[in-house]
Amino acid sequence: MSLGRRNIKPSKQRIPQIPLIVNNIPHQGLNNKPNQKNATNLGTNKNKLPNPPPQHSIQFTQQISQPSQNLHFQCINNFQPITNSKSQDLTYQISPKPRQSNKKRNITLPSTINNLHLDQMSSSSQNLILPNLGADIFDRFLKVNLENDFFTSIEIFLNECLNSKVTTVWLTITSLKMLYSPFNQKAISDCTALVGFKYFEKDAAVFRIDDPKSHHCYDKYADHEEPTILFPLFNENNEIFCIVQSSRNSPFSDEDEHFAKWFTEKIKLISRFYLPNAKNLIYQNIQNSDVFSRLLLSLSDATNVSEFFEQLNENFAEFFGCEKIEIWQKNGESVTRFSSDSQAIEIKDFDEAGIAGECLTSQKLLNFFDVSIHQNVPSKYDHENGNRGALFVPLKHKPNTNNNENENENGDKNGNGNEKENEIEYCIAFRSPVKTVLFTDQDVELCEKVSPFILQGFLNVLSSSDMKSELEKKQEELQSLNELLCVIEIISSRLDTDELIEGIISRAADLTNADRASLFLLSENRDRLTTFLQQGLDKRIDLPISKGIVGKTVQKGTILNIEDVYSYKEFDSTVDKESGYRTQSILAVPIFDPRGNIIGATEMVNKKGEVGKFTDFDVRIVQLFNVFCGIFLENSKLYKESLELNQQLKSLINVAFSMSKKESVQKVAFELLMSAKTSIKASFAVIYLKGESNKHLETFVSDVDQIPPQLDHGVSYDAMTSDESLITKTFDPQYQKELQQVFGQAIDQALTSPVYDTNKNMIAVVTFFNKECGSFQKSDLKIVNAFSFFIGIVIEKYLYKCTRKDLDMNLELKKYIKPKERELCGVTPVSLELTEAKKQIVKQLNCYAPDFKGIDHFRELFFFYNHFKLLEQFQITNSNFFNFIFAISSTYNDVPYHNWTHACDVTQFIFYLMNEAKMDKILNADEMYCLLTAAICHDANHSGLTNVFNVKAETPLGILFKDQSVMEMHHLTISIPIISQDNINLFHKFDAAGQKKMWTMFIKMILATDMAMHFNLVKKASEILEGNHEKTWDWNDDEIRILALQLLLKVADISNVSRPFKYAEKWCDILCDEFFRQGDLEKSTGIGFTSPLNDRENNDKPKSQIGFYNFICYPLYRVVADIFPELQKNVDSLTNNLKVWKSMIEENHS
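The sequence shown begins at 1 in the UniProt record's numbering and counts up by one.
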């Protein structure tokens, strides 16, 4: 949980004191008037700190008095523990923040830390230390820690000291039994991989291994292939708080192991000062007390519950690392839920409250990595944010009534009992962590300690409705924060770099009341700084990184706040001299990308007003501003890369169109070859065909005219004979001389890859010579293999123009269609006429596709099209339509679910919808024709493997279409050439504009079947129908009509859920079989399950179906029924099936 830093002027309003009980212990809040006599400063006390009290003796008093107008809240180093000699209760005071001078501050470390030298260690520990180790080296660590968080400091320091390639700190998440890396955003089970192996040893031993892959616990997700050293770090209570994993190219030595042991001892000694530990500094996770004061003030600013949650979720959920915060209250036998998205909801049944109900009942803290794994079926409230993590903190509150006080004072024998009876139980739910994948132990601790204050503010809102008018004393800094939110909104809404930077700078100066602002970005060579937009200047500033104040900021990675720049020797006055502008003060702050690399800096020029120098608040605002700059500049960079990838994908689709033309085969192969060449930045490229008897290669296409027609030696020939991909950097002198004659320059490297047909037979070799910069890498080989897949398709077509499938098609055509019937349009051939009984079945919801086998699928498709007279209208002959069905059906694979039967099932449901809703009165013939055709083609050549699997397993399709709709793009590249064949040509009736419109509809409908697009499409349609969108549902709007077509195909794609339950369950079993097949493959390849549904050993079919029905199917069916009211019966059928699944769970539990 990463907390931002805020500096807010405190309010004069006194917040009413309301006692709280946390974990059954009274809390009195934060006392703003501590005992100064007994105050102890962590930074100067040379005596040993008092032992922190037990958890249930920590007290708080949430009361804020009126401070001085210019009082700032100091950072964490100014929290001072106050101890009372008569008791061990620990409270904290907040000291005024001193004004900083212009000079560099001398930082005084706590004396306890300064004295952590070798003489404090045990003799056995000292013997482990190398001769050259001493206190100075650990002082280096402490300096690193001044500029970074504790765990990042460990990684940076050990990376340097161990000369490591990468060092990772894995935090122990005891509440989840997991290990978590904040830097990598990875979470693993604490019994997984070498890291888990070391953790389960529970000792201080250092574990070294030269070949991690040879260990039985090795896991490529968490471990590295290079030599690795692992060791635990302990806190002062001798508990492991993290595992350090460090890897480098060379093995670790005994000296490295001794160093690790020495470092372990040192960390243990200082852990009490640096670890987020409630026993020494309750708010150590809050790096600036301004955050806490801002929280209190903002919550007090609310006048009603709605405003309270708006403030809590919109402005402060980020501080707790979650998307949403809720408060639940137990009222006898019922529960009340308070949240931002609704009024207070009273829930009569505790089971309906889900995990919150369990927390209220048990009064135990509950932490979940995934709410779906809860032992009971989570409630709808648990599913609102998806099956993600959630943290539930229990609290108790005892109303402070005079009656109870009098009873206690009089010694009423029932006083204690009354106190417990009057206690009201609450729990605060923190849902969906956003900056990490789970709630860490530090997150849990922080939420536990901050929760009483959230509840305090909530109770204040309930008891007082006029607090908002008394908290309006924070104008200037709140205005800066509002400006920051506006800037964030601007940079969040744009991805184009030029527009993005313009939007940033246009508002940046307002944040700090600066006269001008500039944004400097590092060049690709990281040696120059250039302004992309600069206020008040006509041309960009371009200067070396070693020049000027901003150059020093970027070089050193430090903030420079200069009040008088002309007295600063690093200032470059060139721009002032050229422009005539007088620079007085400058604030320069570095910008980091999400990986921690400096990518530039912002420069605020000339603070307006009487102060002249930028304030500490300005510094913090610009720091926070730069965090978002770094993130969105990185996103903009990724956006440009995605545009380039999208352009490649468009070219591949264009190639797919060309692949249907016989005369363009070599041209298509050449275009693919050039695309691959550009992608890997090669200088030359050649495709060779495999000759007869494997004795030579024949040149097919090349970008060089002098290529010999045949080749019987060299790197390409070696790849053919070895059947392996090769990266070659040394050549036989004679062969190298031949290459130089052919290409006209020296050839120093080559990348060669075999090309296979669909039967995995090698048919060609593709070779690339010389890389424009650097050397060929394995990543280049992956790209080439992806392109080789499509090159293989092209070459196979070239080599086998008349395949067995073509012969079979002609035979089948002659078998079912008489010669005189072949050129007819709209008249079904006699042999392909569907029986009357089956015609009635396909018009109903009660239709089971597996009952239609073989040629019956052809018959029903002829019936669907001719029923609406589509083949007649678009002049599609019987032979052309038969060829289309035969060709497209041949592309479907023999997989359990996504096969030809599924395609016909989806098409039948589309036909059923058209009849049921009388869509021929709403949709035009073009749309109905395209919709039926898209249904037939939507899963062409499906492998039975999901998009996620293809990307994670790095299959050729996963590499080529990464970050796109992998399988849907593949279905299009398969079906488009078939539709365009001369003996099919379904869209020949349309002119150029009409064909473009038909292809657009066809492509958009098939892409919509990607589940990644599901929620956006359903949400958009719902908002339009409900009037919450800029558009209205107007059938004259082409975009609305395409959206309706997309929704119809999507609902047909999952139509099994609305069939009668006997069919719905059968389809479910078939789909599970395909999931299990993928899961077995995932286990065998070691990539891990991409979905829990793929694990055949832990399958809960009813539970999985309930979630699928509730969150995927029902919203889609509901919105389609809103568009076409006649389809409400499908919603009813789905609802009935859902009840059956639920009853099956109830039976299992009973």
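Each hint should be verified, as a subset may be incorrect.
What the hints assert, rightly or not - Only pairs whose alpha carbons sit at most 30 angstroms apart, straight line, appear in this in silico DSSO-like list of lysine-lysine:
| no. | residue 1 | residue 2 |
| --- | --- | --- |
| 1 | Lys-695 | Lys-677 |
| 2 | Lys-1142 | Lys-1066 |
| 3 | Lys-261 | Lys-364 |
| 4 | Lys-681 | Lys-608 |
| 5 | Lys-853 | Lys-839 |
| 6 | Lys-853 | Lys-186 |
Hints in this document: simulated from the structure, not taken from any laboratory.
Quick check: which numbered hints come out false for this structure? Numbers 3, 4, 6, in rising order.
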